[in-house]
Amino acid sequence: MDPIGWTAERIREGTATGDIDPVEVVERTLERIRSRNPRINAFLYTDEAGALRAAERVQERVRRGGPPGWLLGVPVAVKDNQCTAGTPTTAGSAMLDGYRPPYAAHVVERIQEEGGIIVGKTNLDEFGMGSSCEHSAFGPVRHPQDPERTPGGSSGGSAAAVADGMACLATGSDTGGSIRLPASLCGIVGLKPTYGRVSRHGLVAYASSMDQIGPLARGVRDAALMMNALAGRDPRDATSSSRPVPDYRADLERGVRGLRLGLMEESMGEGLDAEVERAVRGAAEALRDQGAEVVPCSLPHTAYAATAYYVTAMAEASSNLARYDGVRYGFRAPASSAAALVAGSRGRGFGLEVKRRVLLGAFVLSAGYADAYYRKAARIRTLVRRDFERAFATGLDALIGPTCPHRAIRLGERVDDPVRMYLEDVHTVSANLAGLPAVSVPAGKAGDGLPAGVQILGGPFEEGTILRIGRAVEKARGGARLLDGET
Amino acid sequence: MDIPVDDALVERIASLAGIEVSSAEKDRLLEDIRTILAYFDRLRRLEVDGEEPPALEEVPGDGLREDDIRPSLPAADLASQAPDASGGFFRVPDILEGG
Chain A
13 MDPIGWTAER
23 IREGTATGDI
33 DPVEVVERTL
43 ERIRSRNPRI
53 NAFLYTDEAG
63 ALRAAERVQE
73 RVRRGGPPGW
83 LLGVPVAVKD
93 NQCTAGTPTT
103 AGSAMLDGYR
113 PPYAAHVVER
123 IQEEGGIIVG
133 KTNLDEFGMG
143 SSCEHSAFGP
153 VRHPQDPERT
163 PGGSSGGSAA
173 AVADGMACLA
183 TGSDTGGSIR
193 LPASLCGIVG
203 LKPTYGRVSR
213 HGLVAYASSM
223 DQIGPLARGV
233 RDAALMMNAL
243 AGRDPRDATS
253 SSRPVPDYRA
263 DLERGVRGLR
273 LGLMEESMGE
283 GLDAEVERAV
293 RGAAEALRDQ
303 GAEVVPCSLP
313 HTAYAATAYY
323 VTAMAEASSN
333 LARYDGVRYG
343 FRAPASSAAA
353 LVAGSRGRGF
363 GLEVKRRVLL
373 GAFVLSAGYA
383 DAYYRKAARI
393 RTLVRRDFER
403 AFATGLDALI
413 GPTCPHRAIR
423 LGERVDDPVR
433 MYLEDVHTVS
443 ANLAGLPAVS
453 VPAGKAGDGL
463 PAGVQILGGP
473 FEEGTILRIG
483 RAVEKARGGA
493 RLLDGET
Chain B
1383 MDIPVDDALV
1393 ERIASLAGIE
1403 VSSAEKDRLL
1413 EDIRTILAYF
1423 DRLRRLEVDG
1433 EEPPALEEVP
1443 GDGLREDDIR
1453 PSLPAADLAS
1463 QAPDASGGFF
1473 RVPDILEGG
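Top to bottom, those sequences are chains A and B.
Numbering-wise (this note's numbering), the first sequence opens with residue 13 and increments by one.
Numbering-wise (this note's numbering), the second sequence opens with residue 1383 and increments by one.
Bound-form chain B, shown alone (with noise of 0.2 Å):
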C-alpha cells in the first residue's frame, strides 16, 4: 500500500493516539514510522482470502463470572494514586473551552 508518510500523517495519529509530539520528535518519528510500515509491507505479499481471525471460543479461559455484587477497593486508596485529587473527586483543568 503506497502510504505518503509525511508530516500530516504523523499528526493526524498522533492526534488520534492523544500524544502530544515535540517537532524535534516528529522527524524522529517520522523516520521511524515510513521504515517500519516498510516492514510490515510483507503482509501484502500473502493472500488470506478465506480466512477468519481466530475465533472468541479458541480463548481457554471459563469467561465471564456470576453478576454477584462484590467490594470495591476503597475510593481513597484509589484517589490517593492521582496527580490532583480532592474530597474523593479526581481534579482537572476545565473540560469544556472557555469553562
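Next up, chain A with everything else stripped away, as it sits in the complex (with noise of 0.2 Å):
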C-alpha cells in the first residue's frame, strides 16, 4: 500500500473500517518527509515518536469503536505559527528559535480530537508577515515543482508538504492572503474562513482583525472535510462565533446551477498575468457551462485595499509585537539594563521584514500621523466592506477573480523590493479587511505546469457556497490534484 497522495477521505474511511492501519500510514508519510524535505524545507520540525504515538492511539481508538473523528487517521502538518503544547514553535523567527509553549492552539486541539495525527510544523515567513517564505530565519521553502522557484507565502511551507504528498491536509493562516496564495501557486486548494469561524487561541498574532487560520488540501472535499475539524466557538478567542457549524461536504455535489457569480472586474485587468487571466477566464466558463450565472462586478475601491491593508497589519503588527522583550519567553540579548535588554533582543532577534513593519506600523500609528495613515487606513476599510454589501445586495451569490497576479516566481526576484512584495497580495487583501471566506482553487496550468488558482469569495458564513463552487471547478478539470506521477 502507498498512502501518499490518498485523499483524507479515503483515509479516514479506510481507518475507520480497519481497512487502513494508521502505523502505516504515518510511517509512510514521516519516510517521505525524511527523502523530500531537505530539498524543499517545507518542515521546520518533525515529530517522528509523537506521530507514530498518535497513530497507536487511533489504532486503539478504532479497536475500542470510538467515534471515528473527522480526520481519523489523517497526517496532517501545522503552520509553525500554531503552538504544539511542549514541542517547538518558531513562527518562522529567531525570536522564538527553541520555545516549546506549555499550551496547545485551538486548532491544534481540534485536530486532535478528531483523530488527526500531526506530524510536524511548517516553515513561513517570519510572524506571517511575508507573500514567498523567504522571510523564515529558517531558510526559504522551495517550489516542490521547480526548487528555484518560492511556493508563495506565508503558508508556503504547508502548501508545500501537501502539494507534494508530505502531509494529506495542512492548517495555514491567512492575514493578506498568506493560506490562498501559496495555495494557488503550488495547485492545491486553500481556504480563509469567514473572520470568526475558527479560533485563533494559540495563534501567534500579526494582525488581530484579519488573522484567520484554515485548511490547505490537495481537494475541495478534503478542504471541507479540515473545515468540519477547525470551525466553531472557542470562548478562548472573543471573535469566534458560536453559529452552528454545518457539514462542509455536505452540498459539494450539488453544481452551481442557479447560482449568480460575479466576475470581479477590478482584478483581471492590468499586472495580470496572461495565463492567469486564462485560467480565470477559463473556470468562469466552465461554471457558465455547468449552468451558474457570470457577470462582471464593480468593486470600485479594489485599488485601495492593498494599501489600507498594509497600514492596518503593520499597525496592528507592532501592539501585538510589543510582546517580545526578551523577558518572558524566547530569545534575549545579553546588556546591562533592562532598556537595552528590550531593544537589543528586538534588534536582534526579529528579521529586516518584520522591522520595517513593526517601525512603519510604530510611525503611522504615532502623534501627528495617525489620521493621516491608521485612520484613513480604517475609514477605507468600511468602503472596502461596502463594496462587498452592494454586490452581494444585487443577488450576488459569490464573487470570482485571480488569487495572484502570476505564477510562482523565482527566488530571489522580488526579496530586496518590499513594495513589489507586497502586491503579491492585491487580490487577496479585500477579503481580509471585508472579514469574508475566500477559497482558491487550482484552475490552470501553463506549458512550464506551473499552476494558477481561481479564487471565489463568498457573504459571511458562506464557506459552503464557496467550496461547492470550487468543486464545481475542480470537476471541470477533471477531480482533485493528483500528485506528480499518479494516475
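These aren't lab readings, by the way, just hints derived from the structure by calculation.
Among the clues, some could well be false.
Here's a subset of chain B near chain A, in silico, CB distances under 7 Å, partners left out [stated by the list, open to error]:
1) Leu-1398
2) Tyr-1421
3) Glu-1433
4) Arg-1452
5) Pro-1465
Virtual Cβ for every residue (Gly too), placed ideally from N, Cα, C.
Reassemble the complex: the two chains are provided individually, in unrelated frames, and hints are given to aid placement.
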C-alpha cells in the first residue's frame, strides 16, 4: 500500500473500517518527509515519535469502536505559528527559536480530538509577514515543482508539504492572503474562512482584526472535511462565532446551476499574467457551462485595498509584537540595563521584514500621523466592506477572480523590493479587510506546468457555497489534484 | 504628506518600537521606509470624509464570557520558557538607572 497521495476522505474511511493501518500511513508519510524535505525545507520540525504514538492511539480508538472523528488517521502538518504543547513553535523567527509552548492552539486540539495525526510544523515567513516564504529565519521554502522558485507565502511550508505528499492536509493562517496565495502557486486548495469561524487561540498573533486559520488540501472535498474539524466556537477567542458548524461536504456535489456569480472586473485588468487570466476566464466559462450565471461585477475601491491593508496590518503588528521583550520567553540579547535588554533582544531577534513592518506600524500610529495613515486606512476599510455588501445585495451568490497576479516567482526575484512583494497580495487582502471567506482552487497550468488558481469569495459564513463552486471548477478539470506521476 | 524620511525619523520610530537598529541596518531601513511611505501616499487620493472605521458590533464573536474563576497555566510551566528565571520570578538587569 502507498497512502502518499490518497485523499483524507479515503484514509479516514479506511481507518474507520480497519482496512487501513494508521501506523503504516504515518510511517510512510515520515519516510516521504525524510526523503523530500531536505530539498524543499517545508518542515521546520518533524515529530516522528509523537506522530507514531498518535497513530497507535488511533488504532486503539478504532479497536474500541470509538467515534470516527473527521480526521481519523489523517497525517496533518501544522503551520509553525500555531502552538503545539511541548514541541517547538518558532513562527519562523529567531525570536522564538527554542520556544516550546506550555499549551496547544485550539486548532491543534481540534485536529487531535478528531483523530488527525500531526506529523510536524511547517516553515513560513517570519510571523506570517511575507508572500514568498523567503522571510523565514530558517531558510526559504522551495517550490516542489521547481526548487528555484518560491511556493508563495506565508503558509508556503504547509502548501509545499501538501502539494508534495509530505502531509495529506495542513493548517495555514491568512492575514492578507497567506493561505490562498501559496495554495494558488502550488496547485492546491486553500480556504480562508470567515473572520470568527475558526478560533485563533494559540495562533501567534500578527494582525488580529484580520488573522484567520484555515485548511490546505489537494482537493476541495478534503478542505471541506478539515473545515468540519477546525470550525466552531471557542470561548478563548472572543471573536469566535457560536453559529452552528454545518457538514461542509453536504452540498459539494449539488453543482452550480442557478447560482449568480460576479467576475471581479477590477482584478482582471492591468498587471495580470496572461496565463492566470486564461485560467480564471476558463474557470468562469466552466461554471457557465454547468449552469451558473456569470456577470461582471465592480468593486470600486479595490485599488486602495492593498494600501489600506498594509497600513492596518503594520499598525496591529507593531502592537502585537510588543510582547517580545526578551524577558518572559524567546530570545534574549545580553545587556546591562533592562531597556537595552528589550531593544537589543528585539533588534537581534527580529528579521528585516518584521522590523520594517513594526517600525512603520509604530510610525502610522504615532502622534501627528495617525489620522493621515491609520485612521484613514480604517475608513477605506469601511468602503471596501461596503463594496462587497453592495455586490451581494444585487443577488450575487459569490465573486470570482484571480488569487495571485502571476504564477510562482523565482527565489530572490522580489525579496529586496518590499513594495513589489506587497503587491503579491493585491487580490487577496480585500477578503481580510471585509472578514469574508475566500478559497483558492487550481484553475490551470501553463506549458511549463506551473499552476494558477481562481479565487472564489462569498458572503459571511458562506464557506459551503464557495467550496461548492470550487468543487464545480475542480470537477470540470477532472477532479482533485493528484501527485505528480500518479494517474 | 511630505515627511522628511531621514536618520532622525528612523531613530525616533525605532525608539518608539523598542528596536535597536545597527548603523548598517539604518541605511537599508531608511531607503525601504521611504519607498513604502511613497506607496502609502496613494491613500491621499481618496476622500473619505464622513466615513467611519468598521464598528465593533460587526465583529462576529459572542464577545465577553462570564467572569468566572478558571485555573491558569502553572507558573512553573510558564517560567520554564524564560531566558532567565529564578524562584518563580523572571530575572532582568537593573531597571532603575544606577540601581
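Against which earlier hints does the structure fall short, listed by number upward? Failing hint: just 4.
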